[in-house]
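Protein chains in written order, with the numbering used here: chain X, 1 to 373; chain G, 1001 to 1149; chain D, 2001 to 2265.
You may find that some hints are simply not true.
[As the list claims (entries may be wrong)] Simulated restraints on C-beta separations: (1) GLU285(X) <-> VAL2065(D): 49 to 55 Å; (2) GLY2078(D) <-> ARG208(X): 56 to 62 Å; (3) GLU285(X) <-> SER1012(G): 45 to 51 Å; (4) GLN1135(G) <-> GLY292(X): 54 to 60 Å; (5) ALA2182(D) <-> GLN1045(G): 54 to 60 Å; (6) VAL2065(D) <-> SER288(X): 19 to 25 Å; (7) MET2001(D) <-> GLY1037(G): 55 to 61 Å.
[Unchecked claim] Just a sample of chain G residues kept apart from chain D, beta carbon distances all over 10 Å, derived: (8) SER1006; (9) ALA1059; (10) LEU1145.
[Stated by the list, open to error] Some but not every residue of chain D turned toward chain G, in silico, with C-beta under 8 Å: (11) GLY2040; (12) VAL2041; (13) GLY2098.
Hints listed in this document are in silico derivations from the structure and should not be mistaken for laboratory results. These figures come from a predicted structure and were not determined experimentally. Where a beta carbon is used, it is the ideal one built from N, C-alpha and C, also for glycine.
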Amino acid sequence: MQCSPGSQSVLDAGGFERLLALLRSDGFVLVGPIARDGAIQLSAITGIEDLPRGVGDEQSPGRYRLRPREDDALFGWAVPSQPWKKQFLPSRLDLVHIRRKGSALEVEPAAAEANPIAIIGARPCEVAAMRVQDGVLRDGPHPDSDYAARREAAFVLAVNCGTPSGTCFCVSMDTGPRAKAGFDLAATELMEPNHRFLIEVGSDAGARVLERVAATPATDGDIAAAADLVAGAAQKMGRALDNKGLTERLLGNLEHPRWDDVAERCVGCGNCTLACPTCFCTNVEDSSNLGGDVATRTRTWDSCFALDFAYIHGGSVRPTLRARYRQWLTHKLATWVEQFGTSGCVGCGRCITWCPVGIDLTVEAGAVGEARG
Amino acid sequence: MEDLESILQKHSFLADLRPEHVKLIVGCAKNLRFRPGEFLAREGQKEACMYLIRRGTVAIETHAPNGETICIETLMPGDVLGISWVTPATAHFDCRARDTVIAFSLDHDCLDRKMREDAALGYAITSRLLDNTYQRLSRLRLQQLDVYR
Amino acid sequence: MPMRIGRAGHDIDGVFTWALEPSAPFAFEPGQFNMLYAHGVGEVPISISGDPNDFSSLHHTIRVVGNVTEALAALEAGDEVGVRGPFGSTWPLAEASGQDVLFVAGGLGLAPLRPAILSVLTRRSEFGQVTIIYGARSPTDILFRAELERWRGRFDVTLEAIVDHSGTDWYGPVGVVTRLVAEAEIEPEYCVAMLCGPEIMMRFTARELEQRGLEPSQIWVSLERSMKCGVGLCGHCQLGGTFVCKDGPVYRYDRVASKLLLRGL
C-alpha cells in the first residue's frame, strides 16, 4: 500500500517482526526494551522475541517492580528504567587523542563512526525528550557534532502508551500518551480481539520502510481502538504537575523554605539526573597512556548534584544540597524555558521512581512558593 | 585673601553646614601645614584635635618590630583624620604626611564644648562623623575580605 | 588547535603571560576567552589579554591556581599548547562609542579588560573621557605595571591605582577601588563602566557607581564560573537562565545583579 506521513495502517505480530527485520537489513542496530534483572532495560535486540512479553510494571516514589500481565503485550509497561539518551549522548565517549611529539601536539579524532540505530519502542514522552535534547545539543549555534550525527542516522519507532505508571505525568507536560511528532513510525499496540499494531507514519523514512512490510490499511475500528487506548491512558496518570505560572513561581521563590526542606531529604546521589531523559550535562576527563605521550579526552555524563560540578578556583559555586537541588529543579522546570523555549521535563516520572528517598518532583514543584503551613 | 570661616565652609566635611554653625566652630579651627614625613598623630599619644585635610596625602601607618612600616589606608583632601577623637582615646596609628599636607585642625575640647552648648551643631557634626565613619568602615570591610588573594 | 608558545614571561608572583603564535590569523573580540589545554592534564578557560588588532600573536595571562594551570606553567617557549576558542561575549565597545569609558579592574581582572583598553586607546578619538581605575593587593601584585605607568603618562587617559596595603615603597593611595570610584571624575549620564575583578569587588564597585548616578544598564561585568565546553553544551557554568561561557562572561549588570546577590545560584 501507499504510505505517507500521517497515514495509518495495521501490522500483526508477524508484520511487526518483519518491520524489525527490515530495519536490521537496512543496517540499523535495533535498540529496544528487554526485561532483565527485574527491570525493563534498553539493550540491543535482534527481534520481537527479545521484547518483554507479558510483563507490566509498578512505579511509585522510590519503588519499581515488574509484574506479570494477563496478556502477551510486548509494550505493556510504562517507561523503561533507563532513558534513551545514551543512544545519542553516550555516557562515555572518547573525543580526541592528543599525541605529544617533542614539543608539538597532534590531535586525532577518537570517535569511531557508530552504526545507525533504530529506536524500537520509545514512549511519546521519550520521543519528546529527544526533541528537548535536540534543542540543547543540536539546534543551537554550536551543535554537538557527534550527537547530531547519531541523531540524524537514527530511526525512531515510537510506541504510544496504554499503561502509564504511578509516577507518570506526560499529560501535564503535553508529551503523551500519544506521540504527535518526532518519530518515523508510531505504533499503538492493540490486544483485542487479536494482537496487532496500528502504525502511524511520521516521516518519509518511516513511509519507505512501512511500504516494504506489506501493512494493511487501518480500519475505522482499529483507529478507534487505538484512540480509546491512549484516551484511557490519559485518565490513568499517576501524577499531575500544575504548569500554570510555574516558571514565575519557582524563580520568584528561590529563597523559599521548601528548598531547605527538600535538602534535608535529598541525598545528592544524582540518580534523578541519570534517569532523566533530558539531563545533558557532561564533563571531560583527561587520561594518558603509561608513556605519557598519548593523552585522551573522554566525555562523560556529569550531574549538577556532584559537589565539584560548579567548582571554580576557591570552591564550589553550589556548596549545599539546597543549592544543588534548587539548581536542578529550577533548570528543569523554569530556566530551561528561558534558555530553550520548552520545559526541560517531559513527565516520564523516572526521577520520582528512581529517587532512593522518593522525592517527588511534582510535589516539590507544587510546594515551592506555598505559604508556610 | 579669604578668611578662615569661608574656606572652612568649603571643606566637603562641612558642606552645607549652616553659616551660624560654621561661625561657632571657626574659633576652634586652625589652618596648619605639615612637611612631608611629619606626623599629624602618633600611636599612643592623645589626640587633641581632629583634622580636615585640604591638600596632600596622609598615610595611616603602623610598624612591626622588624622595622617594617605597614600602610593601612591613605587619606586625601576632603577626608577627616582623627575620628577616634569621638572617644577620649589615644591614637591607634601613626598618621604621617606623605607630602606637604594642609589641614584644618579642630580642637577637641573647644569643639566638644560648642557641640554640647548647641544641640543642633552637635547633631550636624555627629551625623557627618557617623556618615564618614560608616563609609570608612565599609571600605575597610572590603579591604579585610582580601578579595585579590 | 595546537599553538606554539612564542614567548613566556613572568608578570608577578604566580602569574605569567604567553604570546602564542597561531598558525593562521586569530581574530577575537575583547572580553572573550579560550580553553587552554595542558597535555594529559586538562583544559581551563583563560581570558585573552592581548591586542585584538594583532592577529599574529595571541596573549594569555595565567595565574597558577590548580593542576592544569600548574602544568601550563611548566611549559616553555617553543612548546605547543592546545587552544580552543575564542568563546563568549564581549565588552560593549560599540555601546561605549561616543561616551566616556570607565574601566575598573581588580587584581588579575586587568587581563580580560586589557584588550578593551587597547582597543579604546587605538580608536581613542571615538570615545570621550577614558578613566582606568586599578586595585591590587599590594604594590608587588600590580599586574602590567610598566604598561599602567605608560597609560598613566598619556594626556588622554586618567589612571589611578590603589593597593589594599603597602609598605613605604608605594606612593599612591592605599585602600580599596571603591574609594577611587567614589571620587572619579565621571559624567553619569554619558558613561559606560566596564568592571573586571573578584565578584565581591565588582558588586561593591557597581553599588558605588549606582550611588554616583549610573544606571545598572551602564555597567558591565565579567563573570567567572566553571566552564568546560565553552559553547553551552556541558551545563557546568549555568547561572540562572544563562550559560556563562556563551551568554557571558561579559554581562550587562542589570541582567545579572539579582543572580549575583543570591547564594549558590
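Hint by hint, here is what the structure shows:
Distance hint check for GLU285(X) and VAL2065(D): the Cβ-Cβ separation is about 20 Å, which falls outside the suggested range of 49 to 55 Å. Distance hint check: the CB atoms of GLY2078(D) and ARG208(X) are about 57 Å apart, consistent with the given range 56 to 62 Å. GLU285(X) and SER1012(G) have their C-beta atoms about 59 Å apart, which leaves the hinted 45 to 51 Å range violated. Between GLN1135(G) and GLY292(X) the CB atoms are about 56 Å apart, so this pair conforms to the stated range of 54 to 60 Å.
A beta carbon spacing of about 30 Å between ALA2182(D) and GLN1045(G) contradicts the range 54 to 60 Å that was offered as a hint. At roughly 22 Å, the beta carbons of VAL2065(D) and SER288(X) sit within the given window of 19 to 25 Å. At roughly 57 Å, the beta-carbon separation of MET2001(D) and GLY1037(G) lies within the given 55 to 61 Å, and the hint holds. No Cβ of chain D comes within 10 Å of the Cβ of SER1006(G); the nearest lies about 24 Å off, and the non-interface call holds.
Once the 10 Å rule is applied to beta carbons, ALA1059(G) is inconsistent with being away from chain D; the minimum gap is 7 Å. Residue placement check: LEU1145(G) does not keep its beta carbon more than 10 Å from all beta carbons of chain D (closest about 6 Å). Taking 8 Å as the C-beta cut-off, the interface hint given for GLY2040(D) is violated, the closest approach to chain G being about 29 Å. Taking 8 Å as the C-beta cut-off, the interface hint given for VAL2041(D) is violated, the closest approach to chain G being about 24 Å.
Given the 8 Å rule on beta carbons, the hint for GLY2098(D) is violated: about 31 Å separates it from the nearest Cβ of chain G.
The structure fails to meet hints 1, 3, 5, 9, 10, 11, 12 and 13 from the earlier list, while all remaining hints are met.
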